[in-house]
Every structure is written in C-alpha cells, then in structure tokens.
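Spelled out, the chains give:
Protein chains: 4
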Amino acid sequence: MSASTPFAELSTTDADALIISDDPLHPANHIPTLCKQFYTHGWVTGTGGGISIRHGDHVYLAPSGVEKELMSPKDIFVMDWKSGEYLRRPEVFKPSACTPLFLSTYKVRDAHCCIHTHSQWAVLITLIVGTGKQNNGATDHFAIREIEQIKGLSRTGTGSTTIAEGGRKLGNLGYFDTLKVPIIENTAHEEDLKDSLEAAMKEWPEACAVLVKRHGVYVWGRDVVQAKTQAESLDYLFRLAVEMHGLGLQWV
Amino acid sequence: MSASTPFAELSTTDADALIISDDPLHPANHIPTLCKQFYTHGWVTGTGGGISIRHGDHVYLAPSGVEKELMSPKDIFVMDWKSGEYLRRPEVFKPSACTPLFLSTYKVRDAHCCIHTHSQWAVLITLIVGTGKQNNGATDHFAIREIEQIKGLSRTGTGSTTIAEGGRKLGNLGYFDTLKVPIIENTAHEEDLKDSLEAAMKEWPEACAVLVKRHGVYVWGRDVVQAKTQAESLDYLFRLAVEMHGLGLQWV
Amino acid sequence: MSASTPFAELSTTDADALIISDDPLHPANHIPTLCKQFYTHGWVTGTGGGISIRHGDHVYLAPSGVEKELMSPKDIFVMDWKSGEYLRRPEVFKPSACTPLFLSTYKVRDAHCCIHTHSQWAVLITLIVGTGKQNNGATDHFAIREIEQIKGLSRTGTGSTTIAEGGRKLGNLGYFDTLKVPIIENTAHEEDLKDSLEAAMKEWPEACAVLVKRHGVYVWGRDVVQAKTQAESLDYLFRLAVEMHGLGLQWV
Amino acid sequence: MSASTPFAELSTTDADALIISDDPLHPANHIPTLCKQFYTHGWVTGTGGGISIRHGDHVYLAPSGVEKELMSPKDIFVMDWKSGEYLRRPEVFKPSACTPLFLSTYKVRDAHCCIHTHSQWAVLITLIVGTGKQNNGATDHFAIREIEQIKGLSRTGTGSTTIAEGGRKLGNLGYFDTLKVPIIENTAHEEDLKDSLEAAMKEWPEACAVLVKRHGVYVWGRDVVQAKTQAESLDYLFRLAVEMHGLGLQWV
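Residue numbers (UniProt numbering), protein chains in the order written: chain A, 1 to 252; chain B, 1 to 252; chain C, 1 to 252; chain D, 1 to 252.
Just so you know, the hints here were simulated from the structure itself, not pulled from any lab data. Any given hint might turn out to be false.
Unchecked claim - Between beta-carbon pairs, the in silico distance windows are:
| # | chain 1 | residue 1 | chain 2 | residue 2 | range |
| --- | --- | --- | --- | --- | --- |
| 1 | B | R145 | C | S64 | 21 to 29 Å |
| 2 | B | F176 | C | D80 | 29 to 37 Å |
| 3 | B | L247 | C | D80 | 44 to 52 Å |
| 4 | B | T178 | A | T40 | 51 to 59 Å |
| 5 | C | S64 | B | L247 | 28 to 36 Å |
| 6 | A | T40 | C | L25 | 45 to 53 Å |
| 7 | A | T40 | D | A199 | 37 to 45 Å |
| 8 | B | V225 | C | E146 | 42 to 50 Å |
| 9 | A | P95 | D | P24 | 23 to 31 Å |
| 10 | A | G248 | B | V225 | 37 to 45 Å |
| 11 | C | E191 | B | D110 | 53 to 61 Å |
| 12 | D | T139 | C | S64 | 47 to 55 Å |
| 13 | C | S83 | D | D23 | 50 to 58 Å |
| 14 | A | D23 | B | Y86 | 48 to 56 Å |
Unchecked claim - For lysine-lysine, the following DSSO-like pairs were computed, each having C-alpha atoms within a straight-line distance of at most 27 Å:
| # | chain 1 | residue 1 | chain 2 | residue 2 |
| --- | --- | --- | --- | --- |
| 15 | A | K74 | A | K36 |
| 16 | C | K133 | D | K133 |
| 17 | B | K74 | A | K36 |
| 18 | D | K133 | A | K133 |
| 19 | B | K36 | D | K36 |
| 20 | A | K36 | D | K36 |
| 21 | D | K194 | D | K180 |
| 22 | B | K133 | C | K74 |
| 23 | B | K36 | C | K202 |
| 24 | C | K36 | B | K36 |
| 25 | A | K36 | B | K36 |
Keep in mind the model is a prediction, meaning the values are calculated, not measured. Every residue, glycine too, gets a C-beta built ideally from N, C-alpha and C.
Starting from the given sequences, assemble the full structure and let the hints guide the process.
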C-alpha cells in the first residue's frame with residue numbers, strides 16, 4: 001500500500017483491504033458517494049434509510065445511525081455472503097437493522113443492490129392508499145399506469161430486458177403496463193419486517209420494490225445502476241402521484 | 001493528441017476524435033455538463049429524458065438508459081446529419097429512442113438543439129389540461145398569458161429576435177401574447193411519436209415545444225442557449241401553472 | 001497585469017480595468033457569484049431576473065438575456081453614476097431592460113444594490129392578492145405580520161438599525177409590525193415600469209421592495225448584504241404565505 | 001502558527017487561538033460548515049436561525065445578522081461556560097439574540113449543541129396546530145406517531161440509547177411512541193423567550209425540541225451529531241405533517 005492511498009491511516013489488516021480501492025465504483029467507495037447523493041434527494045436524512053451492495057461473495061453495508069452524507073469507506077461493514085459472518089465490522093458502529101431485509105432481496109430475487117429510503121413521497125403514498133380513494137379501494141398496493149417513467153422499472157427488479165423465460169414476460173414495464181408495488185405493515189423493529197417483506201416478494205413476483213407503511217420503501221436491482229434507476233423512477237412516480245392526488249386527479 | 005488529454009484512455013480513432021475537445025462548449029463536453037444540471041432540476045432522473053445537439057454536419061446524442069448525471073464524452077453517439085449514419089457508436093449502449101424526434105425538430109424547424117425532459121410539472125400540465133377545467137375546455141394544448149417569463153420563449157423556437165419575414169411576426173413572445181404548447185398523445189414506443197410530433201409542429205407553427213401526454217416535453221432552439229433558456233422558461237411556467245391550478249387560479 | 005490574472009484574455013483597456021479584481025466581493029466578481037446562487041433558488045432561470053450594484057461612482061449591471069448561472073466578470077456592464085453613460089459595454093450583449101428600474105432605487109431610496117427576481121412565490125403572491133381573499137380585500141399590496149422572519153427586513157430597505165430621524169422610526173421591522181409590499185401592474189416593456197415603480201416607492205415610504213404583478217419583485221438595500229438578506233427574507237415570506245393560503249390559513 | 005494556516009491574517013491572540021484548528025470538527029470550523037448545509041435546507045436564509053456548540057468549558061456561537069452560508073471561523077463568538085463572559089468577541093458583529101436560549105438548553109438539559117431554524121415547515125406546523133384541526137384540538141404541542149422517522153429522536157434530546165435510570169425509559173422513541181413537541185408563544189424580542197422555553201423544557205421532560213409559534217424551532221442534543229440528526233428528523237416530520245394536512249390526512 002503506497003503512501004498516497006487515501007486510507008493510509010487505517011491499519012492494513014485483511015479486513016480493511018476489503019474497503020480499500022482506487023476504483024470509485026468499488027462498493028466501499030460507491031456506497032458513500034451514493035449516500036451523499038441520496039441525502040440531497042431527502043431519502044436518508046436524520047440517519048434514516050440505507051444501502052447495501054452484494055459484490056461477488058461480499059456484502060457491503062452502510063452502518064446504523066450514521067449521518068449518511070458524511071460516510072467514508074472505513075465506516076462500511078462487510079459480510080461474507082455464504083456464511084453470513086462479518087468479515088469487517090467497524091467497532092464504533094452497529095450493523096444496520098436493515099441488514100436482514102437487504103439479504104432477503106439478495107436471496108429471494110437474486111438482487112445485488114438494495115436501496116432503502118425514508119422518502120416522504122413514499123410515506124405519503126402508503127397513507128393515501130390507506131384511505132382507499134385511489135386504487136379502486138384496494139389498500140395493499142400502489143398501482144399506477146400510463147406514465148412514461150414506468151419504463152424505468154423492470155419486472156421483478158432484476159429482470160434483463162432481453163431474456164424471456166417459459167413464456168413469462170421479462171424485461172422492463174411498458175407504457176400500458178400497470179406498475180404495482182405491494183405495501184406491507186410496519187413493525188416496531190425494522191428487522192421484524194423480514195418475513196412480510198419476503199412474503200410480499202413471493203406474492204408479487206413482478207414487484208421491484210416493497211413499500212412499508214408510514215416508513216419508506218425498499219427497492220432492489222440486479223446491480224447498482226438498476227437499483228438506483230428504479231429507486232429514482234419510483235420516487236418520481238410517488239411524488240407525481242401525491243401531486244396528482246392533491247390536484248384531484250386519479251392514478252389509474 | 002497529447003498525454004494530458006482527458007481521453008487518453010480512448011483509442012484515437014477517427015470516431016473518437018469527434019468527441020475529444022478542450023472546449024467545454026463542444027457538444028461532447030457540453031451534453032454531459034447539461035445532463036448533470038438537468039438531473040438536479042428533476043428533468044432526467046431514472047435515466048429518463050435526453051438531449052441532442054446538431055453541430056455543423058454532426059448530430060451529437062446522449063445514449064439510451066444511462067444515468068444522465070454521470071455521462072462522459074465517451075458515452076456520446078455521433079450521427080452524420082446528411083446520411084443519417086452513425087459516425088460513432090459506443091458499443092455498450094443503445095441509441096436513444098428519442099433520436100428520430102430530435103431529428104424531426106432539426107428538419108422541420110431548423111433547430112440545432114433539442115431537450116427532452118420528464119419533468120413532473122410538464123406531466124401534470126398534460127393531466128390538468130385533460131380535465132378541461134383550464135384552457136376554456138380545450139384539451140389539445142396548454143395556453144398561458146400575461147406572465148413575464150413568457151418573454152423567454154421565441155415564436156417557433158428558433159426565431160431570431162430581429163428578423164421579420166413576409167409580414168409574419170418573429171422574435172420572442174411579448175407579455176400580452178398567449179403562449180401555446182400543443183399536447184400530443186403518448187405511444188407505447190417513443191420512436192412512434194415522430195409522426196404526431198411533426199404534425200403538431202406543422203399545425204402549431206409558433207410553438208417552440210411539444211408536450212407529450214403523461215410523458216414530458218420536447219423543447220428546441222436554434223442553438224443550445226436558446227433551447228436551454230426555453231426549457232427553463234417552460235418548466236417555470238408549467239410549475240407556476242400547476243401551483244395556480246392547486247390554488248384555484250385560472251391560467252388565461 | 002500579471003500573467004496569472006484570470007482575465008488575461010481580455011485586452012487591458014481602461015474599461016476592462018473596471019471589472020478586473022482579485023477581491024471576490026468586487027462587484028464584477030460578486031454579481032456572477034450571486035447570480036449562480038440565485039439560479040439555484042429559482043429566481044433567475046431562463047435568463048430572467050437580474051442584479052445591479054452601485055459601487056462608488058460606478059453602477060455594475062448584469063446584461064440582458066444571458067444564462068445567469070454562467071456569467072463571468074467580462075459580461076458585466078459598467079455605467080457612470082453621475083452621467084449615466086456606459087463606461088464598459090460588452091459588444092455581444094444588450095443592456096438589461098431592468099437598468100432604469102435599478103437606477104430608480106438608487107435615486108429614490110439611496111440604495112446601492114437592487115435584486116430583481118422572477119420567483120414563482122412572488123408571482124403567486126401577486127395573483128393571490130388579486131383575488132381579494134387575503135389582505136382584507138386590499139389588492140394593491142401584500143401584507144403580513146407576526147412572522148419572525150419579518151425582522152430580516154428594514155424600513156425603506158436602506159434604513160440603518162441604529163439611526164432615528166425626526167421622530168420617524170427607522171431600522172428593521174419588529175415582530176408585531178406589519179410588512180407591506182406594494183404591487184404594481186406589469187407593462188409590456190420592462191423599462192416602462194419605471195414611473196409606477198417610483199410612484200410606489202414614494203407612496204410606500206417604508207417599503208423595501210415592490211412586487212410586479214404576474215412578473216416578480218424588485219428588492220433593494222443600502223449594500224449587497226442588506227439587499228440579499230431582504231430578498232431572501234421576502235422570498236421566504238412569499239413562499240410561506242402561498243403555503244398558508246393553500247392550507248386555508250390567513251396571513252394577517 | 002505556521003504561514004500555511006488559513007487564519008494567518010488574524011493576530012494570534014489568546015482569543016483567536018480558540019478558533020484556530022486544523023480539525024474540521026472543531027466547533028469554530030464545524031459551525032460554518034453546518035450553517036452552509038442548513039442554508040441549503042432553507043433553515044437559515046435571510047440571516048435567520050443559528051447554532052451553538054458547547055465544547056468543554058467553551059461555548060461557541062454564530063453571530064447575529066450574518067449571512068449564514070458565508071460564515072468563517074473568525075466570525076465566531078466564544079463564551080466561557082462557567083462565568084458567562086465572552087472570551088472572544090468579533091468587533092464587527094453583535095452576539096446572537098439566541099444566546100440565552102442556547103444556554104438554557106445547556107443548563108436545563110445538559111445539551112452540548114443547539115440548533116435554531118426558521119424552517120417554513122416548523123412555522124406552518126405552529127399555525128396548523130393553532131387551528132385545532134389536528135392533535136384532537138390541543139393547541140400547545142405538536143404530536144405525531146407511527147412514522148418510522150420518529151426513531152431518529154431521543155427522549156429529552158440528550159438521552160443515551162443504552163442507559164435506563166430509576167425505571168424511567170430513556171433512549172430513542174419507538175415507532176409506537178408519540179412524539180410531542182411543545183409550542184410556545186413568540187415574543188417581540190428573541191431573548192425574552194428564555195423563561196417560556198425553560199418552562200416548556202421542564203413541563204415536557206421528554207421533549208428534544210421546542211417550537212416557537214410563527215417563528216421556528218429550537219432543537220438540542222448531547223452532541224452535534226445528535227442535535228443535527230434530531231433537527232433533520234423533526235424537519236422531515238414537520239414537512240410530512242404539513243403535506244398530510246394539505247391532503248386531508250390526520251397525524252395521530
């Protein structure tokens with residue numbers, strides 16, 4: 001390790017080697033960059049929200065309770081994908097309570113990146129749907145159609161745009177498709193969302209995200225680019241739908 | 001090509017020479033700069049929207065499906081204006097589905113820059129107009145008058161402010177003029193908008209932009225500065241009109 | 001002029017010497033910095049709005065029709081305060097149509113800085129007041145009281161906080177004072193606002209700003225800091241009042 | 001003091017030594033950084049709002065009436081915690097009128113950082129609560145529950161998440177807890193809020209903040225991170241609650 005590395009202050013243990021890279025797209029560098037960007041979107045203020053990237057056999061995780069816009073690579077937790085053991089665990093932090101949920105999207109949907117936001121637009125959608133005035137009275141999912149930005153979202157959140165399997169359509173949603181995002185009840189402790197999140201992923205095989213009532217949203221993708229594109233597209237649709245609702249316009 | 005060029009990592013083929021310049025206003029540099037700025041406006045989130053610049057005999061185009069705030073010159077497509085052949089085509093990307101629409105504004109209106117946004121304010125305008133409560137019931141265009149910012153918009157989108165032709169007024173709109181932007185129906189595939197976009201440009205010879213229902217807006221100009229000024233002025237007016245509508249105020 | 005000056009590309013004429021300074025607070029540097037900041041506030045998008053600073057015997061002015069966030073010192077006009085002649089006049093630009101209005105605030109109120117914004121909140125206020133539902137039916141001014149931010153505004157816009165004159169109160173408004181901003185009708189040509197702007201300044205001697213219906217606001221101050229503080233405080237109050245109106249809350 | 005220090009222009013008196021540090025988290029550096037960030041949140045525009053940090057026996061204070069986004073360490077006041085005397089007092093500024101209020105949070109709650117914002121969402125909350133349509137008619141506090149972001153807030157604003165004392169719950173609020181923030185009346189002079197602020201802190205021992213009607217909010221924490229996390233979480237909740245109210249949704 002040369003003197004010019006930005007992490008020269010870290011002891012170069014095997015664990016720290018996992019977070020030292022010159023590549024800005026290496027998960028240990030990419031997570032802090034994305035968190036700064038998400039902070040400006042209002043997705044992770046007040047230490048809320050989070051992000052995880054699965055990188056080969058390593059799962060990279062932002063810690064619990066940190067100011068997301070100020071994170072650095074040395075704050076990152078690294079878990080072994082196969083054993084579920086932490087390979088790197090910063091002493092001053094606790095692992096994020098979102099960890100089991102991120103892992104669920106990796107296991108159930110073969111995702112490689114999961115973004116969790118507390119976006120106010122996501123929260124408002126869960127409240128508006130609860131009133132039954134949109135969605136034809138259905139209260140367990142958010143549905144919208146015929147908005148161009150829906151094309152930014154894939155079926156299942158990890159589907160390729162070119163492969164079809166057993167007659168089932170894959171790829172991204174089309175303009176005339178209906179985007180549906182299931183909404184699950186919140187729990188007192190975030191880790192307790194695991195079972196209902198997994199159940200929702202199984203019940204809604206085309207969903208690329210799950211809304212959590214009065215809480216926020218979990219969005220996944222086959223890689224960081226897809227997860228981020230879907231998180232942005234969904235937030236765009238959530239805000240648009242809230243504005244539509246405020247103006248008395250129907251979503252579907 | 002000196003060692004200090006920022007694109008030293010590219011092979012210096014003829015194609016790449018088209019996107020290598022020290023001039024920040026060269027289209028290959030300008031498009032990424034503008035896309036970063038448009039991202040902060042919420043115009044191109046989730047890889048939506050796009051921009052093209054016609055530069056002499058070359059048409060520069062942002063690719064499909066990329067994170068617009070992270071683009072670099074090497075991502076840019078270059079087309080020969082006369083033949084319509086790609087002179088440069090990055091292997092990892094697909095050409096934008098907006099390409100035929102950008103070209104239509106160049107052909108029909110002699111534009112040299114076209115900006116396409118998914119701005120939520122543009123989408124909301126197309127929905128509000130659809131209700132018939134504004135615009136005296138007309139549903140095929142957005143109309144607003146007596147707002148100072150209207151002066152930021154030219155007749156036809158490419159008119160000079162000094163030339164008059166055959167008695168017809170050119171130049172920018174005045175405060176007491178009515179700005180009208182036609183609204184066309186969206187289609188399943190973006191490239192299929194071409195015919196209706198061209199029809200709208202012909203039916204509305206004073207329009208400098210076309211709104212696409214539940215989708216966004218296409219805005220053009222005789223150069224980048226005019227296209228950008230008009231895109232900003234329109235977005236300002238769209239947002240203002242949405243806020244007015246929410247407060248029960250009439251546009252015209 | 002050393003080779004390291006950032007304006008080495010300009011010929012060092014007497015005129016250009018007026019805009020060359022190492023001091024970031026020199027008007028030729030300060031105006032571009034402020035315009036960048038105002039752009040992010042949405043005050044000067046689409047080349048709208050403007051700013052002028054009176055600096056000793058020189059009046060510095062942003063040009064007409066430029067992208068405000070991209071201005072540089074070499075774009076600035078400089079006028080001689082006493083003669084009203086341009087000492088520096090960039091060939092590629094036209095002087096701002098706001099020029100006579102900026103000068104009016106200097107003459108009538110002894111201001112040394114005037115900021116003109118197209119803020120949507122300012123425009124909405126002029127529309128809401130026009131409906132007569134706020135302000136007890138008065139339609140020629142915006143009035144609000146008992147909001148802490150009112151303390152950011154001075155009487156007359158150029159009053160000192162320490163001097164009292166002939167028994168008349170000077171200094172900043174108190175929490176229980178009523179802020180009043182006159183609203184004048186817009187005209188087809190910006191320079192034609194001069195007479196009504198001056199009349200409003202005389203009729204409303206405590207006003208530090210004048211709203212222009214369906215257009216924006218002119219705010220002045222005894223120096224840049226005061227003008228900027230007042231522009232920010234007013235925009236805060238305009239937005240707050242619009243939100244209050246939307247929520248059915250009275251301003252006064 | 002080496003020639004390379006950024007404050008080489010200051011005489012290195014004992015007083016100035018209090019504000020010279022290479023550590024970006026030293027209060028003299030941290031306060032300007034935070035003020036820049038708060039400015040982009042709209043919390044301290046027009047020179048409103050402020051922040052103070054208690055650092056050992058020294059209290060660091062932003063001055064009155066400065067442009068918060070442009071502050072530098074040399075603008076900072078430093079007070080001796082025990083004697084209440086100023087150890088450093090920049091000649092060109094006046095001490096902030098918030099000073100006695102910041103000190104109250106240090107004395108009554110053992111806080112080490114207090115943030116005061118003029119956030120429009122905070123002001124709107126005090127106005128909405130005043131109408132009695134939310135909160136079951138109670139007008140002296142803001143109450144909200146079952147929103148995930150509530151977990152960003154501690155009981156008392158300075159509680160540890162691990163210590164329990166005499167059977168009374170400490171730590172952060174849970175999802176099913178009700179967040180309550182008392183609202184006090186505003187006064188003509190900010191320093192006159194001291195008694196009612198202290199009374200509110202005593203009457204509401206679980207509050208981590210006090211709203212001031214038509215004015216803003218005071219938020220404290222055991223350190224800067226906690227105060228900032230709580231200020232962000234509260235502002236998130238205030239905005240969410242305003243949006244909910246506008247959409248006809250109840251808070252509790």
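We went through each hint and held it up to the structure:
1. Judged by the Cβ atoms, the range 21 to 29 Å given for R145/B and S64/C holds: they are separated by roughly 22 Å.
2. Checked against the hint of 29 to 37 Å, the C-beta distance between F176/B and D80/C comes to roughly 35 Å, which is consistent with it.
3. A beta carbon spacing of about 45 Å between L247/B and D80/C agrees with the range 44 to 52 Å that was offered as a hint.
4. Restraint check, T178/B to T40/A: a C-beta distance of roughly 37 Å breaks the suggested window 51 to 59 Å.
5. Evaluation of the 28 to 36 Å hint for S64/C and L247/B yields a pass: the beta carbon distance comes to about 31 Å.
6. For the hinted restraint 45 to 53 Å between T40/A and L25/C, the CB-CB distance of approximately 28 Å leaves it violated.
7. Distance hint for T40/A and A199/D: a CB-CB separation of about 38 Å, consistent with the stated range 37 to 45 Å.
8. Hint check: V225/B to E146/C, Cβ distance near 45 Å, so the stated range 42 to 50 Å holds.
9. A hinted range of 23 to 31 Å holds for the C-beta pair P95/A and P24/D, which are about 27 Å apart.
10. The given range of 37 to 45 Å is respected by G248/A and V225/B, whose C-beta atoms sit roughly 38 Å from each other.
11. Checked against the hint of 53 to 61 Å, the C-beta distance between E191/C and D110/B comes to roughly 32 Å, which is inconsistent with it.
12. The beta-carbon spacing between T139/D and S64/C, approximately 51 Å, falls within the hinted interval of 47 to 55 Å.
13. With their beta carbons about 54 Å apart, S83/C and D23/D fall inside the hinted range of 50 to 58 Å.
14. At about 30 Å, the beta-carbon gap between D23/A and Y86/B misses the expected band of 48 to 56 Å.
15. The hinted pair formed by K74/A and K36/A meets the criterion: a straight-line CA distance of about 15 Å does not exceed 27 Å.
16. Taken as a hint, the K133/C and K133/D pair is honoured in the structure, with Cα atoms around 21 Å apart against an allowance of 27 Å.
17. For the given pair, K74/B sits about 25 Å from K36/A by alpha-carbon distance, which is consistent with the 27 Å threshold.
18. The suggested pairing of K133/D with K133/A holds, with an alpha-carbon distance near 21 Å, which does not exceed 27 Å.
19. Of the pairs offered as hints, the one joining K36/B and K36/D holds, with about 22 Å between alpha carbons and a cut-off of 27 Å not exceeded.
20. Using a Cα cut-off of 27 Å, the hinted pair K36/A and K36/D holds, with the two alpha carbons roughly 15 Å apart.
21. The straight-line distance between the Cα atoms of K194/D and K180/D is roughly 20 Å, inside the 27 Å bound, and the hint therefore holds.
22. Using a Cα cut-off of 27 Å, the hinted pair K133/B and K74/C is violated, with the two alpha carbons roughly 48 Å apart.
23. For the suggested pair K36/B and K202/C, the alpha carbons sit about 46 Å apart, so the restraint of at most 27 Å is broken.
24. The suggested pairing of K36/C with K36/B holds, with an alpha-carbon distance near 15 Å, which does not exceed 27 Å.
25. With a C-alpha separation of about 15 Å, the suggested pairing of K36/A with K36/B holds against the 27 Å cut-off.
When each numbered hint is compared with the structure, violations occur for hints 4, 6, 11, 14, 22, 23.
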